[in-house]
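Visitor: Since chain A is already given, all that's left is putting chains B and C on it; use the hints.
Residue numbers (the working numbering), protein chains in the order written: chain A, 1 to 242; chain B, 1001 to 1220; chain C, 2001 to 2051.
If you're looking for bench data, these hints aren't it; they were derived computationally from the structure.
Heads up, the beta-carbon is just placed ideally off N, CA and C, and yes, glycines get one too.
Please note: incorrect hints may appear among the correct ones.
What the hints assert, rightly or not - The list that follows gives simulated cross-link-like pairs (lysine to any residue, SDA-like), each with its CA atoms no further than 20 angstroms apart:
no., chain 1, residue 1, chain 2, residue 2
1, A, Lys231, C, Lys2043
2, B, Lys1155, A, Ala145
3, C, Lys2037, A, Tyr13
4, A, Lys10, C, Leu2036
5, C, Lys2038, A, Glu230
6, A, Lys17, C, Lys2050
7, C, Lys2050, A, Ser233
8, C, Lys2037, A, Thr14
9, B, Lys1095, B, Val1200
10, B, Lys1047, B, Ser1032
11, A, Lys231, C, Leu2040
Unchecked claim - On the chain A side, residues computed to face chain C include the following (Cβ under 8 angstroms):
no., residue
12, Val25
13, Leu100
14, Leu228
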Amino acid sequence: MNISKIANLKFFYTRTKNITFFLSVFSFVLFSVGIFWGLFIAPEDYLQGNSYRIIYMHVPAAWLSLQTYIFMAVTGFIALVWKVKIMEIASIQSAPIGALFTIIALVTGMIWGKPTWGTYWVWDARLTSELILLFLYIGVIALYASFKDKRQAVKITSLLAIIGLINIPIIHYSVEWWNTLHQGPTVTKFEKPSAHISMLMPLLYMFFVFNIYFLTVIIKRIRLGIYLREKNSKWMEEYRND
Amino acid sequence: MLKIIIQKELSIYFRNLNSIFLPLVLFFLIISIFPLVLGPEKKLLEKIIPGIIWITTILTTLMSSNNFFKDDFNNGIIEIYLTSDASVELVFFFKIIACWIFTCLPIIIFIPLLSILFDIPFNSAFVIFITLFIGTPILISIGIFGSALTIGLSKNNILAPIIILPFYIPVLIFSASAIDSVSIGLSYEMQIYILLAFLVFILPIMPYLLKYTLRFSINN
Amino acid sequence: MIEFFDMGKHTVFVYIAYIFSIVVLFIGYLLPHFSLKKELRNKDDKINKKK
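Next up, chain A with everything else stripped away, as it sits in the complex (with noise of 0.2 angstroms):
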């Protein structure tokens, strides 16, 4: 099996049906037993208690935020070079989910705000360049849905989405600087949890669900993408009569 192959939209298309529901199952139940885990097993914080259980769902949606516009970028920079059909769809159809996990982390860092800060919302350096990279993903989704021609959409998004790659760092380390000119004596900072290995177990088996259903929600959207710009083509059609 070549790269060419895969990339092939109607070998994509009519490939991923099975998987995509086998990775659906599998990702339910990783999640139920993460969650399971994350709430009742790990330990209790001495330090916060039991509201540090929130940085399971904050912490990976966090992560995943990055890498989620790291893979727009990246597959959209193929795109542009190489005009990869496929990629030009995965670029595109990635934005959506990684708006989806800045504002678990956003919320969920505001819920986590409350018992450690006192208030929901800090002008933390991390909460802060997550906020600004809520804007980043909707200036690119609200970009692609301007444009009539949609072909011509994903060109312009991804060369977007590559220039905000390069500004992202530009932008998170000047938002830290600015926090450290600016933050008070009064402001406690997310205490980083003990790394016992009991509580940083369940982080990482959190980060890798938090993966494997980003890979689930990707390749569904992936093939409404395909099924969008091909539904009027022959090998479609002759799918879909089988």
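Guide: Frame of chain A, contents of chains B and C only:
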């Protein structure tokens, strides 16, 4: 070829002096609204005036760079640029510079007047002047990039600002902190150097990026 | 049973965070699922009309 384009560009700007005059008026109008909203309390205004100046500059640059390519696009001139043998990058570079000279330079020149209006001490006014001088070309070129991305759309008035505002953040952070530092008597050189680094990085790349972007935007 | 689910004074926060995340993840999963189904159904309707 290049000479003709530059001459044409300048003559367009000079022919309607509105394009120089209006951003400046807009800038002063927005600035003078702030005391009306926040109250004329001197202590408060002193603390927030650098932020006000920068936010107003953002609004002005956004508005003036939003429709940067509109006329050229409607006339079909951009297609001629892109298909011609002339070095388009140089043309775009001079267009960016021209846009900056006619929309931002007037604002920067009027900073002394502003510092009288709001009673800004000389040191702070000087740093505001410097940061605007280095920062606005960056803002203008990012704004022009945004207008190149959205040029194919008929209604793009609000989309381009949404896309490019996150990219403004580093410039804003370092400028604001330079002004902040000088007002409490700290050194501000580092922030200025970082801004300069941004400028040196962005200005040469931007014309190539614009050429690349416009090719996508126009092909349809 | 209730004791098992109890997390002390932070119970509400933990559960709200988890429920919110799960709901959003489900939405993210179901959105492409149902929009593909809808597209397929639309296409079938069109073909049936032609016949």
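Visitor: None of the hints should be skipped; say for each whether it holds.
Guide: Against the structure, the hints:
| no. | hint | result |
| --- | --- | --- |
| 1 | A:Lys231 x C:Lys2043 | holds (8 angstroms) |
| 2 | B:Lys1155 x A:Ala145 | holds (12 angstroms) |
| 3 | C:Lys2037 x A:Tyr13 | holds (14 angstroms) |
| 4 | A:Lys10 x C:Leu2036 | holds (16 angstroms) |
| 5 | C:Lys2038 x A:Glu230 | holds (15 angstroms) |
| 6 | A:Lys17 x C:Lys2050 | violated (28 angstroms) |
| 7 | C:Lys2050 x A:Ser233 | holds (17 angstroms) |
| 8 | C:Lys2037 x A:Thr14 | holds (15 angstroms) |
| 9 | B:Lys1095 x B:Val1200 | holds (17 angstroms) |
| 10 | B:Lys1047 x B:Ser1032 | holds (16 angstroms) |
| 11 | A:Lys231 x C:Leu2040 | holds (9 angstroms) |
| 12 | Val25 | violated (12 angstroms) |
| 13 | Leu100 | holds (4 angstroms) |
| 14 | Leu228 | holds (7 angstroms) |
This entry does not satisfy hints 6 and 12, going by the numbered hints stated previously.
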